[in-house]
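S.K.: Residue numbers (the numbering used here), protein chains in the order written: chain A, 7 to 289; chain B, 42 to 712.
It is worth saying that the hints were derived from the structure and are not from the lab. Each hint should be verified, as a subset may be incorrect.
What the hints assert, rightly or not - Cross-link-like lysine to aspartate or glutamate pairs, in silico, EDC-like; alpha carbons within 16 Å at most:
| # | chain 1 | residue 1 | chain 2 | residue 2 |
| --- | --- | --- | --- | --- |
| 1 | B | 517 | B | 389 |
| 2 | A | 107 | A | 134 |
| 3 | A | 162 | B | 392 |
| 4 | A | 45 | A | 116 |
| 5 | B | 250 | B | 234 |
| 6 | A | 162 | B | 389 |
Stated by the list, open to error - Computed spacing ranges between beta-carbons, pair by pair:
| # | chain 1 | residue 1 | chain 2 | residue 2 | range |
| --- | --- | --- | --- | --- | --- |
| 7 | A | 156 | B | 353 | 55 to 65 Å |
| 8 | B | 393 | A | 201 | 44 to 54 Å |
| 9 | B | 392 | A | 201 | 36 to 46 Å |
| 10 | A | 174 | B | 343 | 37 to 47 Å |
| 11 | A | 275 | B | 652 | 29 to 39 Å |
| 12 | A | 185 | B | 202 | 20 to 30 Å |
| 13 | B | 695 | A | 225 | 56 to 66 Å |
| 14 | A | 241 | B | 462 | 55 to 65 Å |
| 15 | B | 211 | A | 185 | 20 to 30 Å |
| 16 | B | 605 | A | 173 | 51 to 61 Å |
| 17 | B | 342 | A | 275 | 14 to 24 Å |
| 18 | B | 464 | A | 275 | 46 to 56 Å |
| 19 | B | 243 | A | 225 | 33 to 43 Å |
Idealized CB from N, CA, C, for every residue including glycine.
Take a look at the letters that make up each chain.
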Amino acid sequence: MKFQLKNILAVVAIAFALFSCSDNKDTTPTINELDGLTKFKEITNTSHTIELYTHAGALEQGYNEISLRIKDNASGQYVKNATISWVPMMHMMTMTHSCPKSEVEKTTTEGTLYEGNIVFQMAQNATEYWDLKVDYTINGTAYTATSVIDVPASVKQRVTTFTGSDNVKYILAFAEPHHPKVALNDITVGVYKMESMMSFPIVDNFKVKIDPRMPSMGNHGSPNNVDLTQSTSDKLYHGKFSLTMTGLWKINLQLLNTSDVVLKGEAITDLVPASSIYFEIEF
Amino acid sequence: MKIKLQAFLMLFFISIPLFAQEQTKDSLVPKTLQEVIVIGNKAQLYQKQSKSLATIDDYLQKSGKVEMIKRGGYAWEPIINSMATERTLITIDGMRVFGACTDKMDPITSYVEVSNLSEATVTSGQQGGCHGATIGGSIDLKRNRSGFLNSGWDTSINSGFETNSNQKIIGTALNYAESSFYVDTDLMFRDADNYTAGNNQEVLFSQFKKFNVSGTSGFSFDKNKLVEASVIFDKATNVGYPALPMDVSLAEALITSLKFEFVPKAEKITSELTLTNWETKIYYNTVTHRMDDTKRPFVPIHMDMPGWSDTYGYYSKIKGVFKNHHFLADLNSFYNRSVAEMTMFPSDPNESLMFMFTWPDVRTLYNALFLEDNIVLNCHSSLKFSTSIAHHFNKVSSQLGLESLQIFYPNMKGTKSSILKSITANYSYDLNGFQYGLGLGYGERAPSVSEGFGFYLFNSFDRYDYIGNPELKNEKSVEGNAFLGYKNKKMSTKISSSYFHISDYIVGKPDATLIPMTIGASGIKIYTALDYATIFNTDLNVDYQLNTEIKWSGQLVYSYGKDHENKNLPFISPLRYSSSFIFKRNKFSYEIAVHGNATQTQYSPFYGEDRTPDYAILNFASSYSFRWDKSKWNVGAGVENILDTYYSTFSDWNNIPRKGRNFFLNVSFGF
Ligand SMILES: [Cu+2]
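Bound-form chain A, shown alone (with noise of 0.2 Å):
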């Protein structure tokens, strides 16, 4: 039996040695709470300038995360206080309109930053653009700031723009993964409606099925996709999707509403290799 347990006792060794070292990236709490944002764009008024943030440095069609912060150009702090609101706004050659937007608010408590959520569901072009209205009160004082900004197309589509077959007109934003991954992967999606040309609440209680394919090899699916129903708490609507390969996914979706019957969206078959409405997703 001496040979057995030292044979045990290698094994425990060797797998030690060989297995445990498994990568601890525990992130620090950072102070810094612009880490991971870039400035795109600073709006400037009188008294304040507006420092607009996203992850990316840009805006672009679709579902935008916005952080922003005010300086008192006076004084050059940052103020902490701000009740802010906004108002995107489309100038196209015959109409105005808005689109799909969260309330803006603070990150922290004790820091700069404040934050919410645009969707721009097209983009500008040579003739029509894009401007954004802040408007803040600071102890009682309001304030306001708009400039134009840039919202480029998307290379890949991430917001589709409908009219269901109860002749409502809706918009679906892909709000995440930012980062899509080779597995199960949770994915994040806002159902809005259009109510006038400046009002687009968020849907309640309807159903986003998913169905994500390969149209380049073809049209394979991907096993395991949870549908996407609407969370409590941020209003959202959250799922699952495995994406099995690195490439350009097309993630087909099916609008139902709360009795089931779909809105928009087709189911794929050999007949139907895609659904009128869809995302892309290439990575």
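Start from chain A and add chain B with the ligand according to the hints.
M.R.: Same frame as chain A, but now just chain B with the ligand:
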């Protein structure tokens, strides 16, 4: 019932369809080594058989226990007792080597050459468990070595040509031996075009090119200690696999080892205990495999599928005698890393490449202790026990690969560990030429890398994509075996059988809810376990010396394999037979042989099989040896498949046809 396939060693002019000479090992009184003697005489290549430059696959196929799955003209996959790679164990001088191909295009036997080897030992069932866990049995390929023969320089040149496939073979061997040192080197090159099946039908993509070089060098000191270093480098390029949708642009292996052998001088430790031999080897091998579809006329999407397998290992084996017990203890271990990936190229070059791990960098650590005791009961009977216990550990070390598998198994952990046990008991009796033996065994094996961790492995046989299953249990086998033989001056006959009842038998099961990845695949199969399967094999070998010049040999093999629902298992041979007459006079020998299979009626549509018709082929071979000046020559010539029969066997992948008529010429000379 240890069976030794001596095909390589024999000064015995048997030819292609002949079965190998099988012999029971001298189990009664294992020879006690008095000093370091390297086992295995380096027989000249031409002394082996008339088609001395046949492939290893051809040699192995002669055993009644071995069959070959053929995907083309090259790199056949051995199956032992109707069981393929996962359930068997193939070693080179006790070393574990693992192929780097997810599609089993590179069995271990494809990385060696006949010139590297002196013999192959085929062992059935659990008795083959000395070098690792197995269910069906094992093949140990033994390296050629001169030993300390004091024979000086020895050079030989081997060349061959085959008309079918236009195969050219050239090789050299250069050996030097003295009483305390030897070095053996050999080199072999083969180059073959497409072969043609019967009726002149060319089998496209059946070409190959293979280069093999090897060296072994031993040094003895103190008369009882030996150090031996050995290396094999094998490189095959442009290998076609007509039965598969892809070919191979490169299959390369470097196999190295360092051995230390010790024969205790003081024979007796106590009055009754003697240690006879202690052998320790450390080894390393690395295998690279690159599949290639660029030469195929129609591919829906081009893919790069490289694979790598690196193995580090050692064993330490001690033999001794205590009273009437001849015992052996073997402590062995290996660490393997298997990685395979797939990159697909979309037709739009601006699109991102599609990448996945098909083997997610799986590390395997295996540690085992094997013990054997051979008890001599009396002068004609003995009882052998063996047991082993092993720890088998797997880890998926690619994070991407692990997360890929977690798509299917969200709770999967990256590691898996299990204990593998094995135990056997065999009784054998031998008196006045009459011999019989009975044995029982139990053994376990862990799932292979593909079975446990494979990711979308396309099987072109049943046309399913296979997904590994990390939750598989170990396969467990209970076996029984028996043999009966009789030998006298004129004849030798032996029938041997083995029966396996394998629980948690691992197979792929279709999952209709999943969509295949491979374009054109029928669906996805997930590796899962059947309750059990049963496999039975029996083979009869007869040799009969008609007169001093003519000998008749016959072989009959029957196999049977069913699952728990009485459905057929795949790759179960139909009744197969061979019959040959060998005529020998002076330095000439001729041989005529028939080789055939009955119709395969027990086929398995579930695993992609269809009924294979019966066939029989006729072969002729001759050889002549002579001396010229100081050189020794051997010329072998013959015709295989004389009638140019068009046929395929039960183990031909996707029914690709076998070679049609083939004339061969082998010329060897040594000086
Ligand atoms: Cu391969």
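S.K.: Indicate, hint by hint, whether the structure satisfies it.
M.R.: Against the structure, the hints come out as follows:
Between the alpha carbons of residue 517/B and residue 389/B the distance comes to roughly 49 Å, so the proposed pair goes past 16 Å and is violated. With a CA separation close to 20 Å, the supplied pair residue 107/A and residue 134/A exceeds the 16 Å bound. Under the criterion of a C-alpha separation no larger than 16 Å, the hint pairing residue 162/A with residue 392/B is consistent with the structure, at around 11 Å. Straight-line distance between C-alpha atoms of residue 45/A and residue 116/A comes to about 21 Å, which puts the hinted pair past the 16 Å bound.
The straight-line distance between the Cα atoms of residue 250/B and residue 234/B is roughly 9 Å, inside the 16 Å bound, and the hint therefore holds. Under the criterion of a C-alpha separation no larger than 16 Å, the hint pairing residue 162/A with residue 389/B is consistent with the structure, at around 15 Å. Range check, residue 156/A to residue 353/B: about 56 Å between beta-carbon atoms, so the 55 to 65 Å window is met. For the hinted restraint 44 to 54 Å between residue 393/B and residue 201/A, the CB-CB distance of approximately 38 Å leaves it violated.
Range check, residue 392/B to residue 201/A: about 38 Å between beta-carbon atoms, so the 36 to 46 Å window is met. The hinted window of 37 to 47 Å between residue 174/A and residue 343/B holds, with their beta carbons roughly 45 Å apart. A beta carbon spacing of about 35 Å between residue 275/A and residue 652/B agrees with the range 29 to 39 Å that was offered as a hint. For the pair residue 185/A and residue 202/B, the beta carbons lie near 59 Å from each other, so the given range of 20 to 30 Å is not met.
For the hinted restraint 56 to 66 Å between residue 695/B and residue 225/A, the CB-CB distance of approximately 26 Å leaves it violated. Roughly 57 Å separates the CB atoms of residue 241/A and residue 462/B, a value that falls within the hinted 55 to 65 Å. Hint check: residue 211/B to residue 185/A, Cβ distance near 55 Å, so the stated range 20 to 30 Å is violated. A hinted range of 51 to 61 Å for the beta carbons of residue 605/B and residue 173/A is consistent with their spacing of about 58 Å.
At about 21 Å, the beta-carbon gap between residue 342/B and residue 275/A stays in the expected band of 14 to 24 Å. Checked against the hint of 46 to 56 Å, the C-beta distance between residue 464/B and residue 275/A comes to roughly 55 Å, which is consistent with it. Distance hint check for residue 243/B and residue 225/A: the Cβ-Cβ separation is about 35 Å, which falls inside the suggested range of 33 to 43 Å.
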